[in-house]
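*Asks:* Below are the chains, spelled out letter by letter.
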Amino acid sequence: MKKILLLLIAFITIFSFTACTNHQNSNLMTSEPQQQKVVNLFGPMEKTNPNADNIARTAFDMTVALAEQKLNLLVEYRTYTAENYKEKTYDDVTLDRIRNNMDDWYLLNPDIIQILGTEGKLVDLSVLDSAKNLREVVKTANTVDGKLVAIPQEVVVHGLFVNKDMFDKYNLALPNTPEEFLHCCEVFQQNGIETPIGANRWWLENFVFAQAYADLYNGDTTQQEIQQLNSGERKYSDYMRNGFEFLKKLIDNGYVDAEKAYVSEAIEGEIADFLAQKTPIVMAYWGAANTDTAYGNTDFELQVIGFPSNKGQMPVVSMTGYAVNVNAEHLHDVMNVLDIILSDEALQIYAETNKVISPSKNVEVDCVPALKPLNDKIQQNIYVLGSNAGMNVEQWGNTCLIVRKLLTGASVEECMAEFDALQQKALQ
Amino acid sequence: MEKKQKNRKDKSISLLLPIILVFCILGTVVFSVSHKISTEMSHSAIQNLSESLDLMKGTIEAILLKEAEFQKLISHEIANIENPEEFIRSYHKNQTMVKLSIILSGETEGISNTGEVFTEDGLNFSFGKKVYDLPISESYLNYMGTWAYTIKCPVIKNRKQIATLYAEYVYDSFDKSLPNGFYNGKAMLYIMDAKTERLILKPKGMGERSAGHLNLEDFFRANNILDSNLRDELRSSVKNGKNVLFYHDIRHKNALNYMWSVNDGAIYLIGYVPIEAIQQEGKTVNQNIFIVVAVMLSAFFLCCMLYYFNQRQQNKIRKEREIEREIHNKQLAEALQAAQIASNSKTTFLSNMSHDIRTPMNAVLGFTTLLAMDAENPAKVREYTKKIFASGQHLLSLINDILDVSKIESGKVVLNIDKFTLNDLVSSIDAIIRPMAKSKNQIFHMEVTGIKHECFMGDETRINQILINLLSNAVKYTQPKGNIWFRIIGLKQRSHQYEHIRIEVEDDGYGMTPEYLETIFDAFTRAENSTTNKVQGTGLGMAITKNIIELMGGTIEVFSEVDKGSLFRVELEFRIPEEQVDKQFWKNYGISNILAVDNVLDVCQSIKTLMHDTDVSIETFVDIQKALQTIYDNKQLYDMILLGCNAPITKKIDTAKKIREILPDVCIIFLIENDSEDVEQMIDMENTAILIKPFFVSALKEKILEMHHLSNSENAFSNTDVPTLEGMHFLAAEDNEINAEILEEILTMEGASCEIVENGKMALEHFQKSSEYEFDAILMDVQMPIMNGYEATKAIRALQRKDAQTIPIIAMTANAFVEDEKEALKSGMNIHISKPIDIDMLYQTIKQCVKRKE
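Chains as they are written, first to last, in my numbering: chain X, 89 to 516; chain L, 8 to 861.
By construction, these hints were calculated from the structure, which means they are not laboratory data.
It is possible that part of the hints are untrue.
Said to hold, decoys possible - Residues of chain X clear of chain L, computed beta-carbon distances all greater than 12 Å: (1) 124; (2) 162; (3) 163; (4) 185.
Unchecked claim - Subject to a maximum C-alpha distance of 35 Å in a straight line, what follows is the list of computed DSBU-like cross-link-like pairs (lysine-lysine): (5) 246(L) with 176(X); (6) 183(L) with 176(X); (7) 211(L) with 220(X); (8) 125(X) with 260(L); (9) 183(L) with 209(X); (10) 323(L) with 91(X); (11) 323(L) with 176(X); (12) 323(L) with 125(X); (13) 571(L) with 176(X); (14) 176(X) with 290(L); (15) 158(X) with 159(L); (16) 193(L) with 158(X); (17) 337(L) with 125(X); (18) 211(L) with 158(X); (19) 246(L) with 348(X).
From a predicted model like this one, the values you see are computed outputs, not experimental measurements.
In this text, a Cβ means the ideal position worked out from N, Cα and C, and glycines have one as well.
Kindly generate the complete structure, drawing on both the sequences and the hints.
*Replies:* In structure tokens:
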């Protein structure tokens, strides 16, 4: 008892002394200006849902946090998203901003990479240590005039997201060829599903790429054919025609709502019907199968397959990538940031979090079950590129724009003429 | 007790209520203070937020004003120059004003500093908002891919508008004027164009939540502001240029949302601040209040606990003291009671003693008187002396019992442990008790069962004393023709070194009352009733018995019912001596196979058990015919037949004869009860002997020895010369004249002579004066005047003469304790005889000493 009392008195004494101690010896307070190193990133931002977690964004944030911690700097994130189809697109704004040196680094779509790469607005990233670990396909797709102008954190593979339950319900096998696909759409339509394909203004071009380049990228004469296209010996329109005719059939048969697709942003326009099982087929990128903000949590069996082609299901690879403004205000810092967020360590974190195919040949992770069919094709090196900086006609952006013309009523011939004009312009 | 508890409970409740009340008041006060502080801090925080927003608003409006003033200044300048378009082309953009354009009056197209043709298309001034009287456009994405606005200013020359000047400004320029990390980065701040509701300046942090948001609708959706009324009100406020603050949870955290009008509602500062960020100070103050209250409460409870433990300790000590006091009082009461009982017992005892001593004393004195009167009548003299002797014996037994109790109570009893056999014990008990029982016409039964050994270590004399006490009581308190059972039962051994024995003494006599049973083992108690009060005794026997049993580590129990009898059950453990078995004995006498017959199975079993370690093969039969058949079948196999059975003697003899016919030379031992008659017929048969039940191996061995050495023993016995006192000469030191006279008379009657002296000194002198070997022995009293017996003995032994060391000195003293005997031997005496002198004992002792001398 005495011990307890002594301890109590000691505690009270110490507490009192501590409480009464005046730590402030001076009344003079100064404020030092904070010197915080900053690099500016410009990127797109999806419209947000309350309390939703975007895994893809989280994965990117984790790698950026790694860079911020290692370099003791701050990455400021500037964004733009078009309110509607009438507004400037993200790509338009990106072009304006990079041409006016507004930011240090950007997340760019393949067409913009090619345009700005050609303009010499992007830094050659092959000097980065992390660039040495990249897969060849990544390097090929992002090299413009011999410079590696962009590097992605994931190999973006586009595929068809199908409601397997609905296919099973109508005893339909997952389609391999365009004919099979049309048959499936026909059956769905006959069973009251008026528009079996949910589409937006961005990703219908994948149907075209799958049919156009299935032979080119999966044959032995890839480089030779590309050279012939670049030299004008072959015409892009010859490759594209089948795909456009196929799209035309989809539109004409009402399998795709062209008007709606034309004004719909990616995922926004089709997600509600797909999740409600009113639409059995949509198209999206690999990561959409992992995130709750897209198709990561469905009430049905989701499967992601390749687009139909004469060589079977065909994944379309189109890489968005991070690029650095050649006139960046904080060039040195941003290069350091990129070196860290594209390192194997960061890409491992990214790939594990997002369950995607890593651009580094040293990083391999398992994918979610829904993505297995698509992943199997990639593992077998069966895919087509949606963008190829080695082609003198930019593919991803131009095809997208021409598909939009098809959506607004242009004929296949008119569309082919657009390709021919572009090729001609490139040759000049 | 119940009343006490109730009072304590009432006290506790009356103490608890004020404490609860104090705590309630304290809680209310703390809550009120805390609430008041929270409210005040909240108001203060809201005020602070409003002021911050006003400050930001002022800053932005000041920027806009300066921009407008600067633009007016440029327009004045342009009005005064010859070629305005040239001026425009020469302008280089800065971080704020990124584009300068002019359209001359009357034209629809003009030029920009970027060299492009400029029209007002794409600029919307219909919103009607102005800065410094200059129209300001809606926000739009400019050629740099960032949000911008344009202010148009007329160029007036000579009071006539000659052109319109358009200056494009970017919202990014506001960024540096806004606070970096609003509310430590916990708050969100956007700038919204009021007309388009687009968010034109956004936070630049990382992640989906920290950056982005498209427009007001997206802001509502992202922050879960779903209430349409609230949305309408907010939109209405924006339309009317009002400032709005409202509470709404953002990502499950209570937050204060704001929409703050800038430049007459052209743009809005919108966003939210989590309440925890606003009320940081209030929260801290409240936390500190709670910490102080918690510390105070803890201190209070600690004090309560200390007080409680202290009280508990005090109560415990008080209770212990009370218990101690109670125990003490109880002990005192018990001691008092015991003292009273002892006093009563001793009074009773003295009364009894007075009666018991006076009775034989009365006989002694009475018969002495009669003896004096009838001295001439030898028959009457013999009768009177016999009765005087009996009374004297009784007086002696009384004194012996009293001495025993005295020794036991003073802890002076020491057990004399030595080897003894059960056979000797049982024989001696039987020899004493059977005649007593027989004299009262009672039947004495003896049974020994389950005993595995028969030789033990123990105080035989004390065991004898116990058994004689119990059995003599049984005899005393059993009516004629009654039965007395004496059983020795071997129990399961607790250790192989000890034999566990139960002794039962049972009778069907008068029995005892339950009340008496409770005090039977107390000293100075004696059962008395009309039937037994003629029984003489000290009432000490049972107390002595119990004490001796407990001294031996045993227990005694008693069961009794009036007129049905009593059962005393004693349990003792005796150590088994190591050299138990003499196997060689049986080999020496050629005995290896014995056949035993008895119709009592227990007897057969007992024989087998006791003979187990002898290496002699034992076959037992309860059926005599089967036994005969076995003998017939095996013929030469048996060296000895033990023939028991409760059959008549004649039948036993017939059986023995039949055995003889089969085995003519076999030794037959008859096992008979002690009170069997006509045993002579058995002894008449050749090579036979009689063994009294119960069976013991040692008894059998003695019998075998006896049979083998009968003739030699008889010869030896016939040649023995019994020593007498005839012709011996003694020196006796005795200060009591009567005792001296008695001694002299006894010795004279035996044909011996004696010289009597009065004390030790005289004895010494007398011996010194005598010639060597003149005296055969010295009989020495101990307590004598001038020089006692011990000193005299020492002095005699110290004399320088031949017989000083060898002459037998016999102590004859009333000092009857063992210590007295030891002291006597230590002083040099040869032997110790306690008074009163038993003439037989004196003879034996003197003979022993004489023999030794010879």
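*Asks:* Are the hints correct? Go through all of them and say.
*Replies:* Verification of the hints:
Against chain L, the non-interface label of residue 124(X) is violated: not every CB pair exceeds 12 Å, the least being about 9 Å. Listed as outside the interface, residue 162(X) is inconsistent with that label: its C-beta sits roughly 9 Å from the nearest C-beta of chain L, within the 12 Å cut-off. At roughly 6 Å from the closest C-beta of chain L, the C-beta of residue 163(X) falls inside 12 Å, breaking its exclusion from the interface. With a least CB separation of 4 Å from chain L, residue 185(X) falls inside the 12 Å interface cut-off, contrary to its annotation.
Note on residue 246(L) and residue 176(X): the hinted pairing holds, with a Cα-Cα distance of about 26 Å set against a maximum of 35 Å. About 26 Å separates the Cα atoms of residue 183(L) and residue 176(X), which keeps this hinted pair within 35 Å; it holds. In summary, the hint linking residue 211(L) to residue 220(X) is supported, as the alpha carbons are separated by about 31 Å, within the 35 Å threshold. In summary, the hint linking residue 125(X) to residue 260(L) is supported, as the alpha carbons are separated by about 31 Å, within the 35 Å threshold.
Under the criterion of a C-alpha separation no larger than 35 Å, the hint pairing residue 183(L) with residue 209(X) is consistent with the structure, at around 27 Å. Distance hint between residue 323(L) and residue 91(X) is fulfilled; the C-alpha atoms sit about 21 Å from each other, no more than 35 Å. Simply put, residue 323(L) and residue 176(X) have alpha-carbon atoms about 89 Å apart, too far for the 35 Å limit, and the pair is violated. Note on residue 323(L) and residue 125(X): the hinted pairing is violated, with a Cα-Cα distance of about 72 Å set against a maximum of 35 Å.
A threshold of 35 Å between alpha carbons decides the hint, and for residue 571(L) with residue 176(X) the separation of about 127 Å lies outside it, so the pair is violated. Only pairs whose Cα atoms come within 35 Å are accepted, and residue 176(X) paired with residue 290(L) is rejected, the gap being roughly 46 Å. For a cut-off of 35 Å, the pair hint linking residue 158(X) to residue 159(L) is broken: about 48 Å separates their Cα positions. Pair hint residue 193(L) plus residue 158(X) holds up; C-alpha atoms about 24 Å apart against a cutoff of 35 Å.
Between residue 337(L) and residue 125(X), the direct Cα distance comes to roughly 92 Å. Violation of the 35 Å bound is thereby established for this hinted pair. The suggested pairing of residue 211(L) with residue 158(X) holds, with an alpha-carbon distance near 20 Å, which does not exceed 35 Å. A distance of roughly 32 Å separates the Cα atoms of residue 246(L) and residue 348(X); the hinted pair therefore holds under the 35 Å criterion.
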